[in-house]
Amino acid sequence: MNALPESLLELIRRTSAEIPDDVQRGILRSLEQEKKGTIAESALKLIERNIAMAKAKSQPICQDTGSVIFYVDCPIGFDQVRFEETARDAVKLATQKGFLRQNSVNSLTGKNDGTNLGPGAPMVHFHQHRSPEVQVRLILKGGGCENVGAQYSLPDEKLHANRDLKGCRAVILDAVLQAQGKGCGPGVLGVCIGGDRATGYEFSKTQFLRKLDDRNPVQELDSMEQEILATANELGIGPMGFGGKTTLLGVKICAANRVPASYFVSVSYMCWAFRRQGTTLDANGAIAGWLY
Amino acid sequence: MIQLTTPFTEEKIRALKVGDAVEITGIFFTGRDAVHKYLHEGGALPPGVNLRDGILYHCGPVVVKDGAGEWKVTAAGPTTSIREEPYQWQIIRDFGIRGVVGKGGMESRTLEACREHGCVYLHAVGGAAQVLAECIKRVRNVYLMEKFGAPEAIWELEVERFPAVVTMDSHGNSLHEQVLADSRRALASRL
Ligand code: SF4
Chain A
1 MNALPESLLE
11 LIRRTSAEIP
21 DDVQRGILRS
31 LEQEKKGTIA
41 ESALKLIERN
51 IAMAKAKSQP
61 ICQDTGSVIF
71 YVDCPIGFDQ
81 VRFEETARDA
91 VKLATQKGFL
101 RQNSVNSLTG
111 KNDGTNLGPG
121 APMVHFHQHR
131 SPEVQVRLIL
141 KGGGCENVGA
151 QYSLPDEKLH
161 ANRDLKGCRA
171 VILDAVLQAQ
181 GKGCGPGVLG
191 VCIGGDRATG
201 YEFSKTQFLR
211 KLDDRNPVQE
221 LDSMEQEILA
231 TANELGIGPM
241 GFGGKTTLLG
251 VKICAANRVP
261 ASYFVSVSYM
271 CWAFRRQGTT
281 LDANGAIAGW
291 LY
Chain B
1 MIQLTTPFTE
11 EKIRALKVGD
21 AVEITGIFFT
31 GRDAVHKYLH
41 EGGALPPGVN
51 LRDGILYHCG
61 PVVVKDGAGE
71 WKVTAAGPTT
81 SIREEPYQWQ
91 IIRDFGIRGV
101 VGKGGMESRT
111 LEACREHGCV
121 YLHAVGGAAQ
131 VLAECIKRVR
141 NVYLMEKFGA
151 PEAIWELEVE
161 RFPAVVTMDS
171 HGNSLHEQVL
181 ADSRRALASR
191 L
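So the sequences go chain by chain: A and B.
Mapping to the working numbering: the first sequence position 292 is 292, numbers consecutive.
Mapping to the working numbering: the second sequence position 157 is 157, numbers consecutive.
If you're looking for bench data, these hints aren't it; they were derived computationally from the structure.
Keep in mind that a hint or two might mislead.
What the hints assert, rightly or not - Just a sample of chain A residues kept apart from chain B, beta carbon distances all over 12 Å, derived:
1) Leu9
2) Glu10
3) Lys45
4) Leu46
5) Glu48
6) Asp64
7) Leu108
8) Asn147
9) Glu157
10) Leu159
11) Asp174
12) Asn216
13) Ser223
14) Val259
15) Tyr292
Claimed, not checked - Some chain A residues close to chain B (C-beta under 7 Å, calculated; not the full set):
16) Arg49
17) Met53
18) Gln102
19) Leu209
20) Gly241
21) Gly243
What the hints assert, rightly or not - Here are the computed lysine-lysine pairs in the BS3-like style, where the Cα-Cα straight-line distance is at most 25 Å:
22) B:Lys17 x A:Lys45
23) A:Lys245 x B:Lys137
24) A:Lys97 x B:Lys65
25) A:Lys97 x B:Lys17
26) B:Lys72 x A:Lys57
27) B:Lys147 x A:Lys55
28) A:Lys92 x B:Lys17
29) B:Lys65 x A:Lys92
C-beta atoms are modelled at their ideal positions from N, C-alpha and C, and glycine is treated no differently.
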């Protein structure tokens, strides 16, 4: 795994500077759909230009380079301690190089030591599997869009949301309404139905690892994704909340088991600056291929 | 496209209406969460920071020192403004700001302060760090860096043709209020 430090640095650089193809296609499609000459259209044009510039200059797409979250699929016997140490070094170096902003604050003292390291920063989720392959995915999750995420406990009387899929739909659309343009829309929803308060949010974020144009293998969830996307785009919130046709680029929903007493619906919001990338590593830790 | 140059007169600001696309040239001072809380609690503006008739930009830029030891902004989009809603009205009143640049919009207290004191809210495109950084020609100075760290410090920036949209004007109109009301109605009929 000698090449691991270099690979992780490149993964961070690329994630921060280059939007994945599936998201770029979504943004282009929405640009075509917006009415010409509106402020919504000009916002999307500026976004397009920004995406191209960031890639060309190898600099952050958005200055909020977000929470750094790694998802690692690895074989049994993989040295997770060493990986985490290497990831921390890579984050520190990426910050020095300006791929990441000095973005991590001590919650007690308010101090920012400029390294992006600390409790929970970066976050690394490991998942063991039986294949020899190592896959590392990275999400940089911005704060503005994180702040418009929401967790609902059903039944929710105010929203007339009962413990059924209709109730889930009502609260998910409420989250879109409440978010307006504050999460830098057009955005993507990652949703988890069920789980506890912690796993609900955790699973909702793993939905961002899915490609925008994939389809959910669970039929109920798939139709829910399609329907909520269509409805959200009829609300007229539009890019940046300026009004317009594209409020969301995608909706991704999963379900986790719950205890009978709880029924949570956890909604995470990802902004248009959807920074997600992933790589397969070879035995030496070098990048063998890109996942998105 | 309306061209604006800092410092602004009240008249120029009062002439702006919701939906106007503008480009701003001149000086921006950045300020975000820590600065707002600090000023709200009675903290003094550091010498050299002059907000009167100017712009307060809700932004935490990525800034690096280049080879010659000069600051260089590599990314500088707006941050979400609503977090400053508890403080903004007071800062508009006390420091004579004519324009707040940010994203996501603000609410009634800020809208009222804009009406009363002659100020507008200018919405920049959130996340468009590179395009907006290109409009920043030079870093003039940085204040409160030690105290708050780079993203939260007050940066004094020279900007050229910085694009934004007036989403809250000085006549009590807010695009955000309007879109919220319309979308709420649209959703109610689809539930
Ligand atoms: S919400 Fe996203 S695009 Fe907007 S400022 Fe935050 S990270 Fe950037």
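How the hints compare with the structure:
| no. | hint | verdict |
| --- | --- | --- |
| 1 | Leu9 | holds (16 Å) |
| 2 | Glu10 | holds (18 Å) |
| 3 | Lys45 | violated (9 Å) |
| 4 | Leu46 | violated (5 Å) |
| 5 | Glu48 | violated (10 Å) |
| 6 | Asp64 | violated (7 Å) |
| 7 | Leu108 | holds (15 Å) |
| 8 | Asn147 | violated (6 Å) |
| 9 | Glu157 | holds (14 Å) |
| 10 | Leu159 | violated (9 Å) |
| 11 | Asp174 | violated (8 Å) |
| 12 | Asn216 | holds (21 Å) |
| 13 | Ser223 | holds (16 Å) |
| 14 | Val259 | holds (28 Å) |
| 15 | Tyr292 | holds (19 Å) |
| 16 | Arg49 | holds (5 Å) |
| 17 | Met53 | holds (4 Å) |
| 18 | Gln102 | holds (5 Å) |
| 19 | Leu209 | violated (20 Å) |
| 20 | Gly241 | holds (6 Å) |
| 21 | Gly243 | holds (5 Å) |
| 22 | B:Lys17 x A:Lys45 | holds (22 Å) |
| 23 | A:Lys245 x B:Lys137 | violated (34 Å) |
| 24 | A:Lys97 x B:Lys65 | holds (10 Å) |
| 25 | A:Lys97 x B:Lys17 | violated (42 Å) |
| 26 | B:Lys72 x A:Lys57 | holds (14 Å) |
| 27 | B:Lys147 x A:Lys55 | violated (33 Å) |
| 28 | A:Lys92 x B:Lys17 | violated (45 Å) |
| 29 | B:Lys65 x A:Lys92 | holds (17 Å) |
Comparing the model with each numbered hint stated earlier shows that hints 3, 4, 5, 6, 8, 10, 11, 19, 23, 25, 27, 28 do not hold.
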